[in-house]
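So the sequence lines, in the order shown, correspond to chains U and S.
Numbering of the first sequence is given in my numbering, commencing with residue 1 and proceeding in unit increments.
Numbering of the second sequence is given in my numbering, commencing with residue 1001 and proceeding in unit increments.
If you are wondering where the hints come from, they were derived from the structure by calculation, not from laboratory data.
Positions of the beta carbon are idealized from the N, C-alpha and C atoms, including for glycine.
Warning: the hint list may mix true and false statements.
[Claimed, not checked] Below, a sample of chain U positions facing chain S; criterion: calculated Cβ distance under 10 angstroms:
hint : residue
1    : 56
2    : 84
3    : 96
4    : 99
5    : 119
6    : 121
7    : 157
8    : 160
9    : 163
10   : 164
11   : 167
12   : 224
13   : 226
Read off the chains here:
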Amino acid sequence: MDCPNAAASRGIISVKGLHKSYGGNAVLKGIDLDVKEGEVVSVIGPSGSGKSTLARCLCRLEGIDSGTVSLCGVEISSGSHGNGDIARMVGLIFQQFNLYPHISVRDNITLSPVRILGMSRGEANELASSLLARVGMSDKADARPRQLSGGQQQRVAIARALAMRPAIMLFDEPTSALDPELVGEVLDVMEQLADSGMTMLVITHEMSFAKDVSDRVIFMDDGVIVEQSPPAILFSNPQRARTRQFLQRLLPRPDGGSRTRTGDDIDGL
Amino acid sequence: MGFDFSLVTPRLGFFWAGTLVTIETSALSLLFGSILGVFIGVLRVAPVRPLRSLAACYIYVIRGTPTLTQLFFIYFGLPALGINLTAMASGIIGLSLNSAGYIGEIVRGGIEGVPVGQWEAARVLGLSYPGAMRFIVLPQALRAMLPAIGNEFVTLIKESSLLSTLAIAELTMAGQQVRSVTYASFETFIIVGAIYLLLTTLTSMALRQLEKRWDVL
Ligand SMILES: Nc1ncnc2c1ncn2[C@@H]1O[C@H](COP(=O)(O)OP(=O)(O)O)[C@@H](O)[C@H]1O
Ligand SMILES: [Mg+2]
Chain U
1 MDCPNAAASR GIISVKGLHK SYGGNAVLKG IDLDVKEGEV VSVIGPSGSG KSTLARCLCR
61 LEGIDSGTVS LCGVEISSGS HGNGDIARMV GLIFQQFNLY PHISVRDNIT LSPVRILGMS
121 RGEANELASS LLARVGMSDK ADARPRQLSG GQQQRVAIAR ALAMRPAIML FDEPTSALDP
181 ELVGEVLDVM EQLADSGMTM LVITHEMSFA KDVSDRVIFM DDGVIVEQSP PAILFSNPQR
241 ARTRQFLQRL LPRPDGGSRT RTGDDIDGL
Chain S
1001 MGFDFSLVTP RLGFFWAGTL VTIETSALSL LFGSILGVFI GVLRVAPVRP LRSLAACYIY
1061 VIRGTPTLTQ LFFIYFGLPA LGINLTAMAS GIIGLSLNSA GYIGEIVRGG IEGVPVGQWE
1121 AARVLGLSYP GAMRFIVLPQ ALRAMLPAIG NEFVTLIKES SLLSTLAIAE LTMAGQQVRS
1181 VTYASFETFI IVGAIYLLLT TLTSMALRQL EKRWDVL
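Next up, chain S with everything else stripped away, as it sits in the complex:
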């Protein structure tokens, strides 16, 4: 059997467009997911029990249900409450909320890993709890969490392929389109896989650079 990439090469524009959508949705979800995730993580260790429970509950639900179900719930389920979102909005919101749950749990671990002496030093130097969290504990926690956060970023890029089920023209969807016209399934998904690998590798490398830069503690 021979593989014939010449069938798919004229369609490279599809892959390119799909890649851009994947980058766009992943980047936005990473951004919103990280911001919300830090917030969830901070609530998760808050000295106020209801806040802690709320964050714990959120993490529990997110981690205990499939990402695909969460996306379907937002896109197909929410209209029942009168909330109609475009596929793109549903996808980005869904992935953001999803990664926020995982990042929240990572942040919780990072915060708890900061030695209690840091809290005590901050406190005797006059900082309030929020001040100590913001200036002393969280910055240290985030540095320690970078490797785990990097993994989560890579996971999120891969999970963005689920957006193809909402008919968003991201990379996997582009692959489907190319396959359906060329029938060159093998070649198509080799290319799709290679592009994902490139994206995840670049992301990992960027985060490792950041780790190195921050490691001069």
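Next up, chain U with everything else stripped away, as it sits in the complex:
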């Protein structure tokens, strides 16, 4: 979908004063965030800092306690939108893929276009074919998800999300559940997507992606955005002690080479 109102608003994603707690446990403590159309933002931070919760609030998988979340200039936190309306604006990629196991790869992709967008089956199948080609999975349209490797499943999950033609794609640690040798193929698809102009917010431990692909890196800790800047600045010259600390534990040499994968080393964070 295109976002007619996005230009008029502050960004295609606009979050103001977002607070969210579970029971008495405050998880997001006042998030302000604006993302421009076509921007690729990486979100890094220690485990438990609220990154997933933020992504889930951005696609209304979680309700919020206070503040506003607007996508494409439309406030989605007001609760007057159906799930279909939200899905046309934003897609979410899960760490665990969450493909539908009981239907084929093709049907995984076409289900929502047919049921929600009202596409004909023929049209939806064509869309599925072109999306599968885009993620390099053309030969697996008839396979069941469990016949695929994790990397292949995640690529199908990306195709499935794109089938709703969202303006924004959120990724919640899309490669964290993958065997190391399968990470690259998913990152490649994400990089292509970024190059195509998709607005993306990517929670990741893949510092190579954050550095090389994103326009901006956000460091979150303890429910707040501690620091954000272009990757060149954030990685080489972090302003806050907490950011420095986090990066030092991740990257022995903060200015080290690109495409170093660090995901394995920091699982426990």
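Given the coordinates of chain U, work out where chain S with the ligands should sit on it, guided by the hints.
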């Protein structure tokens, strides 16, 4: 003591007729019970509390009272409310309502066994709660439930013998009839038992086939 099947073999037509009635009543009760059971199971997990409570209450009553009592209530009790049903209708309705309670509980378990990630994926892909239930969760739940449902089908075929108490000419009743004229009780009920065993075995085998076919998830 000698057993003499020659006394009962001329009466095989009785067994055959009884078997047909047993198949007919069981099949119809399975069908209606399954449809109603899925409905009860879905209500049992509904995001609306009164619906959940209603379904829970239904399951509680069905599981907490004897099937025979339920059948008697429908056939002998309901006329007091002006509802007069034939024995056959009472029997099929009774068994259907009964199996719906058990199947409802199985369905509830099946739905709750579907990972929450499936609900979340369906939701971010735009499906409403009923849509997610219908297209994503329930189909997966039903596949996982097949073995338990198969057991319930077998139970129901056996419980259909209770219909003999409503004078329905099903297999057990046919046995009673043959016994009363031949006095060959042993032989008669060996045959009746063997036919039940055949029916339950065939049902189990059919369901296992279905399980295998569906297992290519
Ligand atoms: N559904 C939930 N119920 C209760 N607490 C939750 C729930 N989801 C997340 N939390 C808590 O919120 C905090 C942040 O979680 P999360 O957003 O998953 O962090 P991150 O993705 O950065 O690791 C954690 O302390 C976690 O235990
Ligand atoms: Mg997380």
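Quick rundown of the hints versus the structure:
At about 8 angstroms, the closest approach between the beta carbon of residue 56(U) and any beta carbon in chain S falls short of 10 angstroms, and the interface hint on this residue holds. Interface hint status for residue 84(U): upheld, as the beta-carbon distance to the closest one in chain S is roughly 4 angstroms, under 10 angstroms. A cut of 10 angstroms between beta carbons decides the hint on residue 96(U): the least distance to chain S is about 6 angstroms, and the hint holds. With a least beta-carbon distance of about 8 angstroms to chain S, the hint placing residue 99(U) at the interface is held under the 10 angstroms criterion.
The beta carbon of residue 119(U) comes no nearer than 12 angstroms to any beta carbon in chain S, farther than 10 angstroms, and the hint placing it at the interface is violated. Taking 10 angstroms as the C-beta contact cut-off toward chain S, the hint placing residue 121(U) at the interface is violated, the least distance being around 14 angstroms. Evaluation of the residue 157(U) hint against chain S yields a held restraint, the C-beta minimum of about 8 angstroms falling below 10 angstroms. The restraint placing residue 160(U) at the interface with chain S holds, with a minimum CB-CB distance near 7 angstroms, inside the 10 angstroms limit.
The criterion of a C-beta within 10 angstroms of any C-beta in chain S is met by residue 163(U), whose closest approach is roughly 8 angstroms, and the hint holds. Evaluation of the residue 164(U) hint against chain S yields a held restraint, the C-beta minimum of about 6 angstroms falling below 10 angstroms. With a cut of 10 angstroms, the hint placing residue 167(U) at the interface with chain S is violated, because the nearest CB-to-CB distance is about 14 angstroms. Given the 10 angstroms rule on beta carbons, the hint for residue 224(U) is violated: about 25 angstroms separates it from the nearest Cβ of chain S.
Given the 10 angstroms rule on beta carbons, the hint for residue 226(U) is violated: about 27 angstroms separates it from the nearest Cβ of chain S.
This entry does not satisfy hints 5, 6, 11, 12, 13, going by the numbered hints stated previously.
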